[in-house]
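Engineer: So the protein lines, in turn, are chains Z and W.
Residues 0 to 537 in numbering that gives the first Met the number 0 are what the first sequence spells out, letter by letter.
Residues 0 to 168 in numbering that gives the first Met the number 0 are what the second sequence spells out, letter by letter.
Hints listed in this document are in silico derivations from the structure and should not be mistaken for laboratory results.
Some clues are possibly wrong.
In silico BS3-like pairs for lysine-lysine, Cα to Cα no more than 30 angstroms straight-line [to be verified]:
| id | chain 1 | residue 1 | chain 2 | residue 2 |
| --- | --- | --- | --- | --- |
| 1 | Z | LYS362 | Z | LYS443 |
| 2 | Z | LYS64 | W | LYS126 |
| 3 | Z | LYS88 | Z | LYS64 |
| 4 | Z | LYS358 | W | LYS126 |
| 5 | W | LYS126 | Z | LYS92 |
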Amino acid sequence: MAISDPIREGLARGWKVTDASRLTRDLVLEADVVVVGTGAGGGVTAEILTRAGLAVILVEEGGLKSSSDFKMRESEAYPELYQESAARKTLDKSINILQGRTVGGSTTINWTSSFRTPPATLEYWQSEFGLADLGREALAPWFERMEARLDVAPWNVAPNENNDLLRRGAEKLGISSGLIRRNVRGCWNLGYCGMGCPTNAKQSMLVTTIPSALDAGARLLTRARAERLRFAHGSVESLECRALDAAGTDAGPQRITLRARHYVLAAGAIGSPAVLLRSAAPDPYRNLGARTFLHPVVISSALMPEAVDGYKGAPQTVYSDHYLEQGPVSGPIGFKLEAPPIHPVLYGITLQGFGAQHKRLMKEFANVHALLALLRDGFNPESPGGMVGLRNDGSPVLSYPMTPFIWDGARRALLAMAELQFAAGAKRVYPVHEQVVDGYGTWKEAKEGIERLPLVPLQTRLVSAHVMGGCGMAGDPRRGVVDSRGRHWQIGNLSVQDGSLFPTSIGANPQLSIYALVARNASLLAEALTKRPAPAIA
Amino acid sequence: MQRRAFLRTGIAGAALLAVAARLPAGSARAEGAARALGASDRAVLAAIVPVMLAGALPAEAEAHRKAVASVVDGVSQTIAGMPPATRAELGELFMLLDLAPARRLLAGVSAPWPEASAEEIAAFLQKWRSSRFALLQSGYQALHDLIIAAWYAQPESWPAIGYPGAREI
Numbered sequence: 000m001a002i003s004d005p006i007r008e009g010l011a012r013g014w015k016v017t018d019a020s021r022l023t024r025d026l027v028l029e030a031d032v033v034v035v036g037t038g039a040g041g042g043v044t045a046e047i048l049t050r051a052g053l054a055v056i057l058v059e060e061g062g063l064k065s066s067s068d069f070k071m072r073e074s075e076a077y078p079e080l081y082q083e084s085a086a087r088k089t090l091d092k093s094i095n096i097l098q099g100r101t102v103g104g105s106t107t108i109n110w111t112s113s114f115r116t117p118p119a120t121l122e123y124w125q126s127e128f129g130l131a132d133l134g135r136e137a138l139a140p141w142f143e144r145m146e147a148r149l150d151v152a153p154w155n156v157a158p159n160e161n162n163d164l165l166r167r168g169a170e171k172l173g174i175s176s177g178l179i180r181r182n183v184r185g186c187w188n189l190g191y192c193g194m195g196c197p198t199n200a201k202q203s204m205l206v207t208t209i210p211s212a213l214d215a216g217a218r219l220l221t222r223a224r225a226e227r228l229r230f231a232h233g234s235v236e237s238l239e240c241r242a243l244d245a246a247g248t249d250a251g252p253q254r255i256t257l258r259a260r261h262y263v264l265a266a267g268a269i270g271s272p273a274v275l276l277r278s279a280a281p282d283p284y285r286n287l288g289a290r291t292f293l294h295p296v297v298i299s300s301a302l303m304p305e306a307v308d309g310y311k312g313a314p315q316t317v318y319s320d321h322y323l324e325q326g327p328v329s330g331p332i333g334f335k336l337e338a339p340p341i342h343p344v345l346y347g348i349t350l351q352g353f354g355a356q357h358k359r360l361m362k363e364f365a366n367v368h369a370l371l372a373l374l375r376d377g378f379n380p381e382s383p384g385g386m387v388g389l390r391n392d393g394s395p396v397l398s399y400p401m402t403p404f405i406w407d408g409a410r411r412a413l414l415a416m417a418e419l420q421f422a423a424g425a426k427r428v429y430p431v432h433e434q435v436v437d438g439y440g441t442w443k444e445a446k447e448g449i450e451r452l453p454l455v456p457l458q459t460r461l462v463s464a465h466v467m468g469g470c471g472m473a474g475d476p477r478r479g480v481v482d483s484r485g486r487h488w489q490i491g492n493l494s495v496q497d498g499s500l501f502p503t504s505i506g507a508n509p510q511l512s513i514y515a516l517v518a519r520n521a522s523l524l525a526e527a528l529t530k531r532p533a534p535a536i537a
Numbered sequence: 000m001q002r003r004a005f006l007r008t009g010i011a012g013a014a015l016l017a018v019a020a021r022l023p024a025g026s027a028r029a030e031g032a033a034r035a036l037g038a039s040d041r042a043v044l045a046a047i048v049p050v051m052l053a054g055a056l057p058a059e060a061e062a063h064r065k066a067v068a069s070v071v072d073g074v075s076q077t078i079a080g081m082p083p084a085t086r087a088e089l090g091e092l093f094m095l096l097d098l099a100p101a102r103r104l105l106a107g108v109s110a111p112w113p114e115a116s117a118e119e120i121a122a123f124l125q126k127w128r129s130s131r132f133a134l135l136q137s138g139y140q141a142l143h144d145l146i147i148a149a150w151y152a153q154p155e156s157w158p159a160i161g162y163p164g165a166r167e168i
């Protein structure tokens, strides 16, 4: 069956898309609004602003890839669709960060998990950051609108075995689990969401808001890196960009100058603070780049008696919030349990050891079950988050201190996952840690072993797929970079509209939190710029 | 004797680490960071690949040689797609491994890489994996990730692990 490609069709219809790596001279463009980034924040912003009648330019560092390009091959997907070939690291190299770098940003390669912002998170923002207008009731209509726009709905297909093991293990232990809602339409249940959806079922920005904005006349520049904002008289006067070279990794010779009435940063929680840092933007209270959160993830592999085939079927469909609900949000760090997709490269690099030790578990690839625990960082003074800084060449790098408070949660998470995996019938359990060689054969053995493991950076392998914060919102300029509408506290014609807004982590996969908050803030921005009511989200 | 050798290694190792730390990571050098691995970098990798992937590569000599070469090519290609700062750091890692004193003292490999035994290379990987220096641990992990990714990205590696690849659509 032939699958239509909405991007190639749109290009054929005459979309204004420029691959900056092919420019032969410098470019100067003007619009009403320049939006940096095309992920969850940039996509939603672009659609709302263009529907309000504003001329929008979108700037994207990655390339424009679409369903015809998505071949479900790790060898192509990681270099083409991810920041730093899916090997972006924190400064000390101890946390591997998965982030998109393509049109649609991380929404093009995420695993479709859709959760509303947990009420406990919103309450914390209200009490600790003065975000009185971001209550549960105030945001509910924005969640409803974006859920309708992006087909967020319960997934009524049986979970794959990897996820069902989480459900069954939780049931055995008598702890709660639930089914994850997904943003899909006509999903084929293939299991390759992380390599770009080849059937356009995932309702990412790539197939929803961006085509809609381009149909309404927006202009998209790809392989263009936003370098710095130029300020004059307290406002942004222009955005200077560099075209990338043909490989898309290094700056090419061409410069692009963009001028607009208003500028929106939506380059992700490493990229957005980086643009402001390179621009030497005002930061009187030293909030910029600080409080960057990761939901640090620890992983536990298990060997099951039967085939799991964890590469097959919708990747994340079951979760447990049991360990988020054991105490107050500001107490000992809680964690969310999910089951990730298992593909040869991603699993192979995550798995500790080399030679015979590594091969022993790879040989059992089809019988491997994996769980991950997302640690809910940012709700306690002992979990202050990381700091985005710049290397000498201007590229961003995140330093993220794993404090004893966070390691305490990591240990409880490794214990909880091992217990659950044995309850689900695991033969052996292997926490992802350099000092775990042969794994554990019983829960008792695992408990003793994990309690003794030295939990330190690099020895414990950590990953993150959720970078948040760094341009945090607050009710006053002392505590944040932007206000509750995403408007910069010191620069009038500048907004931030992406996951870098969050003053803490979310405590759940963040895509829907970004969609809803940005839909609200972009609508407020459209009203401010047009002096008319914002368009309905359709 | 053993203790003195350890001390000597410790001091020389610390000095080498200090030199490595001063190499201009992500600075002016990064702007022109090489994309392709040089012949000496490839020789280092070609020695390490069969040990990192021991048991995973085909046993037959010609197939084994081809598999090693394809992994070295894959690593080279991955590095070429990295941003300049990362390419510069990885370039420093290979440069360090290729310096004879560093190879002897930091890696504990006495013979030049192409002549080093599998046992010696395995001991080096294990030593860096559990080193008290974060720089060496992260050097091990960079080699681990690059080499393992380059192998398991190839369909040739899949039958042995029971991965059928994506279904045709």
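Engineer: Please go over all the hints and tell whether each is borne out by the structure.
Structural biologist: Here is how each hint holds up against the structure:
Restraint check for LYS362 of chain Z and LYS443 of chain Z: satisfied, since their Cα atoms lie roughly 26 angstroms apart, inside the 30 angstroms limit. Pair hint LYS64 of chain Z plus LYS126 of chain W does not hold up; C-alpha atoms about 42 angstroms apart against a cutoff of 30 angstroms. The suggested pairing of LYS88 of chain Z with LYS64 of chain Z holds, with an alpha-carbon distance near 24 angstroms, which does not exceed 30 angstroms. About 19 angstroms separates the Cα atoms of LYS358 of chain Z and LYS126 of chain W, which keeps this hinted pair within 30 angstroms; it holds.
For the hint linking LYS126 of chain W to LYS92 of chain Z, the alpha-carbon distance of about 18 angstroms falls within 30 angstroms, and the restraint holds.
In the structure shown, a violation is registered for the earlier hint numbered 2 alone.
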